[in-house]
Amino acid sequence: MDGFPILSVITFVPLAGALAIGVLPARYARPVALGAALLAWIASLLLLIGFSVGRGGLFQFTEEVSWIPTFGIKYKLGVDGLSLLLVVLTTTLSWISILASFKPIQTRIKEYMISFLILEVGMIGVFLALDTFLFYIFWEIVLVPMYLIIGIWGGANRIYATIKFVLYTLVGSLLMLVAILATAFAFQAAHGGNWTGAFDYETLRAYATSGGGFAPSLQLLAFGAFFLAFAIKVPMFPFHTWLPDAHVEAPTAGSVILAGVLLKLGGYGFIRFAISLYPDAAHTYAPAIIVLSLIAIIYGAIVALVQPDLKKLVAYSSVSHMGFVTLGIFIFGQQGMQGAILQMVNHGLITGALFLLVGVIYERTHDRTIAKMGGLAARTPVYIAIFGFFVFASAGLPTLSGFVGEFLTLLGTFAFSPWAAAVATFVMILAAAYMLWMFQRVATGELSDFLRGLGDHLTDISPVEILTLAPLGALVVVFGLFPGILLDIMSGSVMRTLADVGSGTAIAIDPIFVAGALGVLVAVVVIRVATLPAVRQAVASESPA
Amino acid sequence: MNAASLIPLIAALPIAGFLFTAVAGRRLGRRAWVVPVAVVAIAWAMAMVVVATALSGGFGESGAVVKLWEWIPAGAVRVEAAFFVDNLTASLLIVVTTVGLLVHVYSIGYMAHDEAGYWRFFAYLNLFMFSMLLLVLGDSWLTVFAAWELVGLSSYLLIGFWYRKNSAALASKKAFIVNRVGDVGFALGIMAIFVDTGTLNIRDSIGHLASGGVSLAPCAQGVVSCAASMPIPVWVIALLILAGAMGKSAQFPLHVWLPDAMEGPTPVSALIHAATMVNAGVYLVARANPIFASAPGAMVVVAGIGIFTAILAASIAMTQTDIKRVLAYSTLSQLGYMFAALGVGAWTAAIFHLMAQGFTKGLLFLASGSVIHAVHDGQDMRKMGGLAKKLPHTYRTMLIGSIGMAGIPPLAGFFSKDEILGETFKAGFIWVWAIGVLVAVMTAFYMFRLIGLTFWGESRVDEAVAPKVHESPAVMTVPLWLLAIPAMLLGLLLSWPGPPLGPLFGQKGTGLLASWLEPVYKDGLAILGRGEEAFALFGIDGVLILVSVAVAVIGMVAAWRLFGVEIGSLRRRGNHEQVRELTARVPFLYRASLNKWWFDEINHLLFIVIGGRVAAFAWWFDVNVVDGIVNGIGSVTRRSGSGLARVQTGRVQNYALGIAVGLIVMVGSYALLASR
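Protein chains in written order, with our numbering: chain A, 1 to 545; chain B, 1 to 676.
Hint data in this document are derived by calculation from the structure and do not stem from the laboratory.
Note that the Cβ used here is the ideal one computed from N, Cα and C, for glycine as well.
Where hints are given, some of them may not hold.
Some chain B residues close to chain A (C-beta under 10 Å, calculated; not the full set) [stated by the list, open to error]: (1) L142; (2) A146; (3) W148; (4) F176.
Modelling step: build the complete structure from the supplied sequences, incorporating the hints.
Encoded structure:
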């Protein structure tokens, strides 16, 4: 396939589909969208076949076109093991999501499908871009269609959710843009004002990991900006609160993509950019990120326990599962990072499936309240069997794919710190508790009054719905039994990233600065608690006046 | 074809049966049992070939390894999907496949009334068989861990088989979650083993740990970046593995799931919750014996937890009225014995008891199922009585099982229990022995209380049901008799020609089981410094045997006095007045026993009430504080924004200008800071 721009094809086939939908009558929107997504999927599978594993994490199939020569900005794509896996995950989930939207989405179908395909362009582009500016462009492209998908086809409270999602993400991404520009400035300053390579990922990476790399203060600030952007996307505690809202309001397919791919943008960004470009800062920030990850793992699971809404439960479980990703990345070891990448892929498959399954029941009941469910096992046995399969996959049952990623992450963490591993491993109990408690309330017992009231509307899962879930289920089994398929593909990139990390050392930080930051944090929390209506009332009633 | 090549097939057959039945079972209706029973029968036959080969030394002392594929290849972490058979595995294969096959056959009759769930039941049973076989055959810690969780899954599915019953659904969930508590320990133990030895292979890692220590291979080679706190001490590893074993084998304080697990159909209780899965913890500790031998402190913990569980459960079994619950607590108690044996280094005795109990307890549960079947799904012994004549096969086989459980020679239960008590005493754990003797009295008592209430005396069966009480069909009674044979003879067979009977007939050898397991325990025993012990039939050992028999008789006779007896010419009516009088004399103990020492209440308070509050608080915190700060920043921005509303001209060009200016300011400040 030498010389054939396969990466551009994968990236822009969905765009061509979107354009076609734009000019064709609305009744063609569904088949064209599905066709375009399937075409991108097939192309990505061809890429998978053509990809050579033993190349030590070097980029393959690179394409390069000069774009803004004044600043050395290029249109440059390339793929390594890490991005390959995430691209295939994206193309897979995309056609599944589009197929899953056929029935639920009945209004403005053209616009919906166009949004979805443009979303796919953005996501694939993020994973393939090897120019920091191009990366930023794709990053922001993702935002707009998602904003529309939630804001137009979402639930009752969709405007609040989508504005929150966009503003929150925008705060991070604008800071990231600043960091990208500042890095470019620093690079060109160091090279006597020559802009060549100032936005080129490979050039920057080579510069960052050889010699001294970027200046400590730039590293700390730029990493901080990248961290905020990625931490919000992952989302890491305490930047996660947009996620439950966005999930609850998003249409099913939106949730699938949100959980399946968008959260991975953050994990990908950490590995690709934040660590490799600013290794010293990565070492400096790592302890704090590890602590936040551990908090996210446990906290997400605890909050998931008491969620009354199916989607919110899965959303908080995502916070917990994605904690493993950031934990695995920032312990800077092979097992941890491989585990983290496995976890990204597997979380995409499993949580994507869980959202599809919630969508199935929502289609029939227009409700997601766990308390109203009950007894579905007797009424919709096939649905419950599939649901149960993914419930256990999510709870980390070995031989299904979720287990291997978590175990490798934990193993890496254990060598790093047994106590941290003990804290993270504890989530095995909580994960079983929140998933099985939810499953029991939905599946077992006698059919609830609410569900009985639905009468014949409450049908078992349909063949099309099974078709959307079957590939995910198959992959969950295959990757559970043969995780080597994924591990081999990614190992080159992981080793290369770890070599980058190895070139860095932690930057000494003034303890006063840390204390000041913590002080501000505490102050903000105190102010917030003090201004809670309940607290204010309590204070008011205490005072003699 | 050599026997080793059969090993993967033993595990593959049941999973194939599961997949087939899961896909096609619904359409097969009443014939759904054919494939699942057939695959287990074939697997049984193959297992017997493998067992015979292994025990006759066909695989050599180190056993047979069959590698399938590399499951997890992640740098220094290499986990193979591989099977391993040595004599310990073979001993367990005998129990697992034999009881498994008989339970499958029995279920053909027992589940016949459940038309809709018939195929599902057999599918789950096959899944369980696969998982259990994987557990004993696994060559890597992680394979065993995977099987560990898979038996948990099959157990979950089978306990909750009647999912319309809320109690069943709750019990299945409880079983899985409580098991997960132990699994956390087990998982951490596996990680510690890897960090200390650089391998997840069971034999290799134990070899490293037993040969004086810890190589710290992965840290030293730099393939894993290790913390300063390495290596993990062996006693920590031992305790972490123990945690896993305690979950699966339902040892205090993780015992609470097993009694509730009786919500599952009775064949499940027999197979999973008496004969096989609950023994997995015993297997695990026995397998890891050199690790425990290197950690004397951990051994004491094992013994202490074991014997405490034994007496705690026995005390509860004495007053329960649900026939299956009595058996469930008795299972707990006997598992406690096994752990006590493991803790004092009597590993052979533990496996001996495991095998004897596997058959005896399997028999008792299946027989109780036959009783439950006969009285139309009643489990309350207060509504039974006088069933001996109506259920002759069930009665006789259950009586055999109970005599064995009580520890009357020459039944299997006697030999194994006697060996545990004797070894405990001789190892110097007098306190364990003393409690063990007390438990033996209680065991004999509650078993004959059960027999007395169920089979003897007058019938208290509901009048509507009484005329319809009938013996179960042959498909159910034949497995009972087939289990009764090992329950009677296994003890003689496995202890011959060693003590206690060998010396009596002038034999000087070790028992059959002991010689089988000798290679497995060699390293552990060497660390403990135990050699061959002289057996003094007309000395201490003889006295210990007499004590064992005597206490069994005491317990049995006590039960006869209170609840009656009808064996041959031994006839006596139960004395319910005396029972009431006795319980009134120790009101606290009686209530404690009846209420299972309030463990469910304590756990409810700790985990549901308090845990629920914590979780609710966390959510409140998330909504009000974490998200509150986010929204607070938003509203502050909006309010200051309305002050700046005049800037909002609605012209895109103005906004673009603003963004550009902002960017330049930010980039400029960055560049200034960065260039410093």
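Quick rundown of the hints versus the structure:
Because the closest C-beta pair between L142 of chain B and chain A is about 7 Å apart, less than 10 Å, the hint holds. Annotation: A146 of chain B was flagged as interfacial toward chain A, and the flag holds, the nearest CB pair being 3 Å apart, inside 10 Å. Given the 10 Å rule on beta carbons, the hint for W148 of chain B holds: about 8 Å separates it from the nearest Cβ of chain A. Hint status for F176 of chain B: holds, given a least beta-carbon distance of 6 Å to chain A, under 10 Å.
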